[in-house]
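Starting from the structure of chain A, add chain B where the hints point.
Those protein sequence lines, which keep their order, are chains A and B. Sequential numbering of the first sequence, starting at 1, is according to the numbering used here. Sequential numbering of the second sequence, starting at 1, is according to the numbering used here.
It is possible that part of the hints are untrue.
Said to hold, decoys possible - Below, simulated BS3-like cross-link-like pairs (lysine-lysine); rule was C-alpha separation at most 30 Å, straight line:
1) B:Lys56 to B:Lys41
2) B:Lys17 to A:Lys57
3) B:Lys68 to B:Lys3
4) A:Lys71 to B:Lys41
5) A:Lys14 to B:Lys41
6) A:Lys71 to B:Lys68
7) B:Lys68 to A:Lys57
8) A:Lys57 to B:Lys3
These aren't lab readings, by the way, just hints derived from the structure by calculation.
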Amino acid sequence: NAGVTQTPKFQVLKTGQSMTLQCAQDMNHNSMYWYRQDPGMGLRLIYYSASEGTTDKGEVPNGYNVSRLNKREFSLRLESAAPSQTSVYFCASTRTLPSPLHFGNGTRLTVT
Amino acid sequence: ELKVEQNPLFLSMQEGKNYTIYCNYSTTSDRLYWYRQDPGKSLESLFVLLSNGAVKQEGRLMASLDTKARLSTLHITAAVHDLSATYFCAVDDKTSGSRLTFGEGTQLTVNP
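With the rest of the complex left out, here is chain A (with noise of 0.2 Å):
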């Protein structure tokens, strides 16, 4: 059982470019969530999909965007990376709240 599942591991970016982090679960789960953990600052939520067919915006959404490709998936979109955006990144899925958040193991992100 893979559980969540995201690629890739690590990603090096050059300011202005573009990329998409993935992020696949097979648990059957309802709602999915994208995090970004920054050092002193815990895990901010970028956007969520709480079903499929819908996606709203976290406490940072600002230069994302995501898309909930199916129950499965939720992508989420880089469109014009910024050193900023630097930090590792999260994928989470639940059945739905009050059901515990099961994590991947991380995307980090290195924008130059």
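Frame of chain A, contents of chain B only:
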């Protein structure tokens, strides 16, 4: 906007000692979550607390929730080195849909 604050942010303790991590939040909620993160790893769920007065225990960790005080505590009993990790609390503000807001995290180091 929901705010979740933890203290202390850094905690260094000796094996065998007891200590408590505090999690305060700014809005009415009766859904509180605790997660653990080992260095360089993902987050794993420890506890889900769903009502005022809820108490859950697993090994040397015990979590409780006081919704009137908007406070949760994570108590560590007779700490061992294996408990060294970063601990996050998170709050589910039911009025904002499926959002889960995290605290900054408490980095715990247990020294021999």
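Cross-check of the supplied hints:
Distance check on the hinted pair: Lys56 of chain B and Lys41 of chain B sit about 24 Å apart at the alpha-carbon level, within 30 Å; holds. This hinted pair does not check out: Lys17 of chain B and Lys57 of chain A have alpha carbons roughly 42 Å apart, beyond 30 Å. Restraint check for Lys68 of chain B and Lys3 of chain B: the C-alpha separation of about 16 Å stays at or below 30 Å, so the hint holds. This hinted pair checks out: Lys71 of chain A and Lys41 of chain B have alpha carbons roughly 25 Å apart, not beyond 30 Å.
For the given pair, Lys14 of chain A sits about 25 Å from Lys41 of chain B by alpha-carbon distance, which is consistent with the 30 Å threshold. A C-alpha spacing of about 37 Å is found between Lys71 of chain A and Lys68 of chain B, which places the hinted pair above 30 Å, so the restraint is violated. Distance restraint check for Lys68 of chain B and Lys57 of chain A: the Cα-Cα separation of roughly 29 Å lies within the 30 Å cut-off, and the hinted pair is therefore satisfied. A C-alpha spacing of about 17 Å is found between Lys57 of chain A and Lys3 of chain B, which places the hinted pair at or below 30 Å, so the restraint holds.
In the structure shown, a violation is registered for the earlier hints numbered 2 and 6, in ascending order.
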